[in-house]
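Protein chains in written order, with full-length UniProt numbering: chain H, 1 to 417; chain P, 1 to 417.
Keep in mind the hints are simulated off the structure, nothing from the lab. These figures come from a predicted structure and were not determined experimentally. Possibly wrong hints are sitting among the right ones.
Because identical chains share one entry, a pair is satisfied inside a single copy or across any pair of copies.
Cut-off 27 angstroms, straight-line C-alpha distance, at most; resulting in silico cross-link-like pairs (DSS-like, lysine-lysine) [what the hints assert, rightly or not]:
{"hint": "1", "residue 1": "K288", "residue 2": "K110"}
{"hint": "2", "residue 1": "K71", "residue 2": "K359"}
{"hint": "3", "residue 1": "K123", "residue 2": "K380"}
Number of protein chains: 2
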Amino acid sequence: MSIGAATNGTTGLPVPSHNAHATATATATTSPYQHIADFISNVGKFKIIESTLREGEQFANAFFDTETKIKIATALSEFGVDYIELTSPCASPASRADCEAICKLGLKAKILTHTRCTLEDAKIACDCGVDGVDVVIGTSSFLREHSHGKDMAAITKQALEVVNYIKSRGVEVRFSSEDSFRAVDNAGVHRVGIADTVGCASPRQVYDLVRTLRGVVKCDIECHFHDDTSCAVANAYSALEAGATHIDTSVLGIGERNGIAPLGAFLARMIVAAPEYVKRKYDLHRLKDIENIVAEAVHINVPFNNPVTGFCAFTHKAGIHSKAILNSPSTYEIINPEDFGMSRYVHFAHRLTGWNSIKSRVEQLGLHMTDAQVKLLTTKIKAMADVRPLAIDDADSIIRAFHLDLQERDTVETWKN
Amino acid sequence: MSIGAATNGTTGLPVPSHNAHATATATATTSPYQHIADFISNVGKFKIIESTLREGEQFANAFFDTETKIKIATALSEFGVDYIELTSPCASPASRADCEAICKLGLKAKILTHTRCTLEDAKIACDCGVDGVDVVIGTSSFLREHSHGKDMAAITKQALEVVNYIKSRGVEVRFSSEDSFRAVDNAGVHRVGIADTVGCASPRQVYDLVRTLRGVVKCDIECHFHDDTSCAVANAYSALEAGATHIDTSVLGIGERNGIAPLGAFLARMIVAAPEYVKRKYDLHRLKDIENIVAEAVHINVPFNNPVTGFCAFTHKAGIHSKAILNSPSTYEIINPEDFGMSRYVHFAHRLTGWNSIKSRVEQLGLHMTDAQVKLLTTKIKAMADVRPLAIDDADSIIRAFHLDLQERDTVETWKN
Chain H
1 MSIGAATNGT TGLPVPSHNA HATATATATT SPYQHIADFI SNVGKFKIIE STLREGEQFA
61 NAFFDTETKI KIATALSEFG VDYIELTSPC ASPASRADCE AICKLGLKAK ILTHTRCTLE
121 DAKIACDCGV DGVDVVIGTS SFLREHSHGK DMAAITKQAL EVVNYIKSRG VEVRFSSEDS
181 FRAVDNAGVH RVGIADTVGC ASPRQVYDLV RTLRGVVKCD IECHFHDDTS CAVANAYSAL
241 EAGATHIDTS VLGIGERNGI APLGAFLARM IVAAPEYVKR KYDLHRLKDI ENIVAEAVHI
301 NVPFNNPVTG FCAFTHKAGI HSKAILNSPS TYEIINPEDF GMSRYVHFAH RLTGWNSIKS
361 RVEQLGLHMT DAQVKLLTTK IKAMADVRPL AIDDADSIIR AFHLDLQERD TVETWKN
Chain P
1 MSIGAATNGT TGLPVPSHNA HATATATATT SPYQHIADFI SNVGKFKIIE STLREGEQFA
61 NAFFDTETKI KIATALSEFG VDYIELTSPC ASPASRADCE AICKLGLKAK ILTHTRCTLE
121 DAKIACDCGV DGVDVVIGTS SFLREHSHGK DMAAITKQAL EVVNYIKSRG VEVRFSSEDS
181 FRAVDNAGVH RVGIADTVGC ASPRQVYDLV RTLRGVVKCD IECHFHDDTS CAVANAYSAL
241 EAGATHIDTS VLGIGERNGI APLGAFLARM IVAAPEYVKR KYDLHRLKDI ENIVAEAVHI
301 NVPFNNPVTG FCAFTHKAGI HSKAILNSPS TYEIINPEDF GMSRYVHFAH RLTGWNSIKS
361 RVEQLGLHMT DAQVKLLTTK IKAMADVRPL AIDDADSIIR AFHLDLQERD TVETWKN
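Bound-form chain H, shown alone (with noise of 0.2 angstroms):
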């Protein structure tokens, strides 16, 4: 099949338009990248709900004392989010307590609370000086079944008086059901939300969802997406592209079970569409600090295969790649180290490596080798890579031994003559 220049790499798969990093270096050839256009996408104009101290605070191992609160909620403001969620003051005294100790740290970023649909809920909530209230309230048949028990009309009516009772405090409001997002609208609700609670919803059906959703409300939509089917980053982007405009994230993806959409996997889904946007908008050199402050907090370690700050998240390994990142980094990188603070790293001591990479280490080492000895020299560290793993220390010397030696024969030679 032909599909033209809109590719890259070995794919057919058609990349966005607008990542700076790959079309400054594309820029030589004609430009390979093309958007699926759409009218009513906020793909480039999306806002992030930062829910790490509410939805974060379900995470198994979450117990986050006022310290750490102040601190997670001080980095998220600095970093840029738009909004910083947090647990219910009704929750506990301490939540309360919490609550209203980062209302008065007059952050940039807007404070929400999440609490139930209740008037005694919402005033406490107000009370605390939040920006905004996020109510919720479940209304499937199997949780009208199995946890609250109220029926349609019931809930209508609670809703509404809700959502005037905030707005007549001057407070910002959201609500997130499922059935009556029409008649709070029309109240005057300035978001409402949808959540995919157990994790199970396909990017195809989001799309059609919030495409519907947006055709029937004006108000902003936010999103909240689980990540039991590991779906959550490509629903939300899914939903971006039909025209929601809010989408909840939480560092490092906490959350109630396995979580939500990782603030920085997010991210990362994100600079790629619209690199100028998110590049403008939040600090992502802060991305790898505020990460580790909430693995710390919560005890766990940052996954592995994170994306931008995982170990290897960009680490090359294999010849034919490492050949092309050295002529072209956008060639395997769609997102540029550089923008998150991080750097590249081409690994070339294993026996998958290719003369390409060892040129690229001889020339940082600092030493000159014809091309034929580069790969005279490759041929040794393959073989001794494929008998045992080889340190980059290790690798190194077999270089500087290489060379010692081409230079002792070049004596020789000069010598002889």
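Dock chain P against the given chain H, drawing on the hints supplied.
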């Protein structure tokens, strides 16, 4: 908005129709499960090409000795993967010896190897005794310029030579490229492969591309998705919806950079969509062992948030969630942990707990209390958990002490009367 009964949880998202676990618990009401119908979809009849021993060998930490390779290949075959892909026997003498050794094991899974598109490599691969050869050649303008520098006519000619040679040896052949699919399809290739080598594709792009390719070739379609932007599993799912037949995975996703679609995460996605097919075909109880074998071999920890086997995958904490989970697991759980030999855990000893969780624990401990007593106990536990984290042992001690206290009061009351 109203989306009828085709929803689940607190969400507006329709969920797939075939999950026996969810259906079993949901049939009491009307079935809330509905699948996006699609005549070209292969969601219910996909095949797995397991590439831990090829793509996975390109993971930064990977150095598999012969014994480890045999252990992994055997485990994967017993698990039920359709194909096992090995590093090219041309990469090194050890790679060749290992390829021959694995071919001689007589595993149930077919053995593939991945080679460059040259006659020499194809001959060596066939000589090793593999069931199939996956030839790959990058043809994008980027790679033509920066890597091997061949023009399209030469690429097509070479591809046909290699394809015909492999077929003449009676071996299956897959061809990966981007611009020559129609030619090799006509030449009788068994499978064409497309790859998102840089990990930048989004689900809608994948769906559109695979659907187009499906209309162009009659052979099988294999897809390979890197996970740089956390969409690998979602992209694999979208590809199957669009008519792809084979998906590349690796255990824990290990591979170049942060890797490809992980075997476990992919099956978590697929069991939701096609539970009977997945449960019949794969011995899911072996997943955790296979992940542990590979994690140990490459010196990594299984990520805390790994689908299915991560330590928190089936841990429920929030009060409102726990209540529903205890009544009906499918309210907040789309995957039945028992399908994978895992178990559910409702975390109850924390400040966000609800009395339903505590009641469940009281019953697990074989104690008897009235609801009013459990509610009083819950207040005590929440108050203590608000000050410091509570271990389960701590919480159990509080519960037992409370129960003892109740009994003593009963005794006093009895004595008084």
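Going through the hints against the structure:
no.	hint	in the structure
1	K288 - K110	within (22 angstroms within a copy, 42 angstroms between copies)
2	K71 - K359	neither (46 angstroms within a copy, 35 angstroms between copies)
3	K123 - K380	between (73 angstroms within a copy, 25 angstroms between copies)
Against the hints set out earlier in the document, a violation occurs for number 2 only.
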